[in-house]
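Undergrad: The residues making up each chain are set out below.
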Amino acid sequence: MTTFDLNFAADHFTLFGLPRVQALDLESLDKSFRAIQSRVHPDKHAHASEADRRLAMQWATRINEAFQTLKSPGRRARYLLELLGHDPQIESNTAMPAEFLMGQMELREAVEEARSAADEDALDAVRRRLLDEIKADYERLAGLIDVARDLEAAGNLVRQLMFQEKLLNEIDDALEAVTA
Amino acid sequence: MALLQIAEPGESAAPHEHRLAVGIDLGTTNSLVATVRSGMSVVLNDVQGRPLLPSVVAYGADGSVEVGYGAEAKQSIDPKNTIVSVKRFMGRGRHDIAHIETLPYDFVDTEGMVKLKTIAGIKSPVEISAEILKTVRNRAEASLGGELTGAVITVPAYFDDAQRQATKDAARLAGINVLRLLNEPTAAAIAYGLDNSAEGIYAVFDLGGGTFDISVLRLSKGVFEVMATGGDSALGGDDFDHRVFCWIIEQAKLAPLSPQDARLLQMRAREAKEQLSQHGQAPITVKLGSGEYVDLTLTTEIFTDITRTLVQKTLAPTKKALRDAGLTVADVRGVVMVGGSTRMPQIQHAVAELFKQEPLNNLDPEKVVALGAATQANLLAGNRAAGDDWLLLDVIPLSLGLETMGGLVEKIIPRNSTIPIARAQEFTTFKDGQTAMVIQVVQGERELVSDCRSLARFELRGIPPMVAGAARIRVTFQVDADGLLSVTAREETSGREARIEVKPAYGLSDDEIADMLKDSFSHAGDDAFRRALREAQVEAQRLIEATQSALQDSADLLSTLERAHIDASITKLQTVMIGDDRRAIDQAMQALSTATNEFAARRMNQSVQRALAGRKVDQLSL
Chain A
6 MTTFDLNFAA DHFTLFGLPR VQALDLESLD KSFRAIQSRV HPDKHAHASE
56 ADRRLAMQWA TRINEAFQTL KSPGRRARYL LELLGHDPQI ESNTAMPAEF
106 LMGQMELREA VEEARSAADE DALDAVRRRL LDEIKADYER LAGLIDVARD
156 LEAAGNLVRQ LMFQEKLLNE IDDALEAVTA
Chain B
259 MALLQIAEPG ESAAPHEHRL AVGIDLGTTN SLVATVRSGM SVVLNDVQGR
309 PLLPSVVAYG ADGSVEVGYG AEAKQSIDPK NTIVSVKRFM GRGRHDIAHI
359 ETLPYDFVDT EGMVKLKTIA GIKSPVEISA EILKTVRNRA EASLGGELTG
409 AVITVPAYFD DAQRQATKDA ARLAGINVLR LLNEPTAAAI AYGLDNSAEG
459 IYAVFDLGGG TFDISVLRLS KGVFEVMATG GDSALGGDDF DHRVFCWIIE
509 QAKLAPLSPQ DARLLQMRAR EAKEQLSQHG QAPITVKLGS GEYVDLTLTT
559 EIFTDITRTL VQKTLAPTKK ALRDAGLTVA DVRGVVMVGG STRMPQIQHA
609 VAELFKQEPL NNLDPEKVVA LGAATQANLL AGNRAAGDDW LLLDVIPLSL
659 GLETMGGLVE KIIPRNSTIP IARAQEFTTF KDGQTAMVIQ VVQGERELVS
709 DCRSLARFEL RGIPPMVAGA ARIRVTFQVD ADGLLSVTAR EETSGREARI
759 EVKPAYGLSD DEIADMLKDS FSHAGDDAFR RALREAQVEA QRLIEATQSA
809 LQDSADLLST LERAHIDASI TKLQTVMIGD DRRAIDQAMQ ALSTATNEFA
859 ARRMNQSVQR ALAGRKVDQL SL
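These protein sequences, in sequence, are chains A and B. Residues in the first sequence are numbered consecutively from 6, following the numbering used here. Residues in the second sequence are numbered consecutively from 259, following the numbering used here.
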């Protein structure tokens, strides 16, 4: 395991003293985050000079941003691929396997049906099913990046996952509309 | 080189001595102030021993201002000039206020935040709130026997930027140094968590007089981490009163009411509601000014029936906050109840049913926010004792975004992001030779600008003329630890920085604040001058102490030359601060700050290094 080498411009993994992997140890991430934030957070410098307070805010902002990026598996994967020099062409490449698209369409129909019936339980069920799918795909993604080093395939999977997470957001919106 | 310091009686001159810091719960219905005394957080009572200060302000024809119980007694006599629940107007436009037609006030038609016409002149909600805060400050200073170093002021977690800014402005107007704006449920979580050494996931359900918040927190080893927050900044006990009020009018078939009668019935409605929390029914008998009599009995069944939709309105944001946190009710270890309105059995039942567990009511729901805020104020003021340390990680409640083509919102910072946070977004010009651009900042969750709150609109000028799409304008949103937003923009191709200041559409401009302060100064005369001077001296002393303590800790980070420069700046400031030239003090403070800029940066890096360097993650104690 790497030891820490901190400076403001370090990459997110280095900042937290963690290896550059998709299968990140989230508990270690959490520990590092808290240890650094306990030093730099503006609350720890509330009584200091203005320069100190400004710096504290900049550092805390930097640490929060790094933490948010590494905590979310999707953002972590995109960041990691970028560090490894692979561009998954998120904006330009929309090609996806037909089988995947079929599955997504099926889920979307289920969401639409539940939404128009204002069926909270049905929406919850679709949400859980989708969450399971997403979880399995992230495990596969970690294997592609960390073990197989197949960045091309990883990039494709990242794009699919973004698609799934967008659907998850739509389900959340539907749940909000139904329960309001 | 230390100057001889002469201490006032009862005040110590030693640095790092106990600083007077308080937590203020500026509530819709009642306000409270608390402080930490010998390690215990306590609410400061008024001279009659009463902990609450009704958040009511009464203006008199002679220019007098009364705040608290005295003002409360006037509300049905002079409703127009007696302002209750002013918190509901903070940072709000006319169209935002529910049931505005039933309110007895003369609203002035202005852009942005509403203003009220009173017998003492036109008042903004910020000025009215400042009166409450002044009373609170006086109570605290009398009780603690000295000037306050600073205060933590609580705000509903679901307050947007305009409402937060308005609260901070009110504090500024009341002469209070705001150490931090703290979210009410977070303050409650601190009080609860420290008291009970709680660990795990907790929800704080906070239903006050006018606002509803739900926050989901993870409490772990001295870290209070807000995972998600939700709520409704216009839902509270007042709305339950209003339902009862409407029921009375309907049942008694009353003719249109005078403002006095309306206020009287609203008070009776509230009393009846409060009585129902203890009893199965509440009689409502009133003789109105119109000569009509009201003689009704409100039962629990009727009350439950007429307020059912209000109770429901608390559950949707609660479920949403859990979803945002990625949790289900089974993950929640306890639900802490906060706010006087959670005393209603209807609320208790609904919460118990949703979370499948009895909510926690072991703290006084009316005091817990102020107590938690006091604890945080004590910590921020630097009074912490060894081992008495924790970290608060809060979030922004509503997404921040920009208007893009076609009235759509581009989200820049999503809700529930941990603060402080900064995000940048690049924009470009859409016409050849375009040199200016309008940027509209909005807050809210909807896709359309018209469904969100507009926080600010500003023009970015001086973009070098280029072909369409060539300019690259980088707009950066920064949200600080108070949850307040600032926006900067920069044209990247020319490297030209256009710093812009957000002009809050619903807040007060700096000029307006300056005018209000000037007004209050002209009344106070020399007092104000002395106060300002004293504030500058306190601030200067604080800066010197902070610098000296930094020099003690990490003198090795400075070269002899740098050290000499800082020492000289300290000496200069010490010399001018004994005089009465405020401008000279400000200048010397500025000079010292500049001299220590680089030093501060090195110290911060060193601090981060010390936190982690040479150790492996699994060895960290946190």
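Keep in mind the hints are simulated off the structure, nothing from the lab. Some clues are possibly wrong.
Derived SDA-like pairs (lysine to any residue); straight-line CA-CA distance at most 25 Å [what the hints assert, rightly or not]:
| # | chain 1 | residue 1 | chain 2 | residue 2 |
| --- | --- | --- | --- | --- |
| 1 | B | LYS511 | B | LEU573 |
| 2 | A | LYS171 | B | GLY549 |
| 3 | A | LYS49 | B | MET298 |
| 4 | A | LYS49 | B | GLY549 |
| 5 | A | LYS171 | B | MET663 |
| 6 | B | LYS392 | B | ALA319 |
| 7 | A | LYS49 | B | GLU803 |
| 8 | B | LYS577 | A | ALA115 |
| 9 | B | LYS669 | B | GLU803 |
| 10 | B | LYS614 | A | PRO102 |
| 11 | B | LYS577 | A | ARG67 |
| 12 | A | LYS49 | B | LEU649 |
| 13 | B | LYS571 | A | ARG120 |
| 14 | B | LYS479 | B | SER708 |
| 15 | A | LYS49 | B | ALA680 |
| 16 | A | LYS171 | B | MET485 |
| 17 | A | LYS76 | B | LYS511 |
| 18 | A | LYS140 | A | GLN63 |
| 19 | A | LYS76 | B | MET298 |
| 20 | A | LYS76 | B | GLY549 |
| 21 | A | LYS49 | B | LYS511 |
| 22 | A | LYS171 | B | SER812 |
| 23 | B | LYS577 | A | ARG133 |
| 24 | B | LYS338 | B | MET663 |
| 25 | B | LYS614 | A | GLU181 |
| 26 | B | LYS577 | A | LEU86 |
| 27 | A | LYS49 | B | LYS577 |
| 28 | A | LYS171 | A | PRO102 |
| 29 | A | LYS140 | B | MET485 |
| 30 | A | LYS76 | B | ALA682 |
| 31 | A | LYS171 | B | ALA794 |
| 32 | B | LYS669 | A | LYS49 |
| 33 | A | LYS49 | B | GLY584 |
| 34 | B | LYS571 | B | ASP582 |
Undergrad: Quick check: which numbered hints come out false for this structure?
TA: Violated: hints 1, 2, 4, 9, 10, 11, 14, 17, 18, 19, 20, 21, 22, 24, 26, 27, 31, 32, 33.
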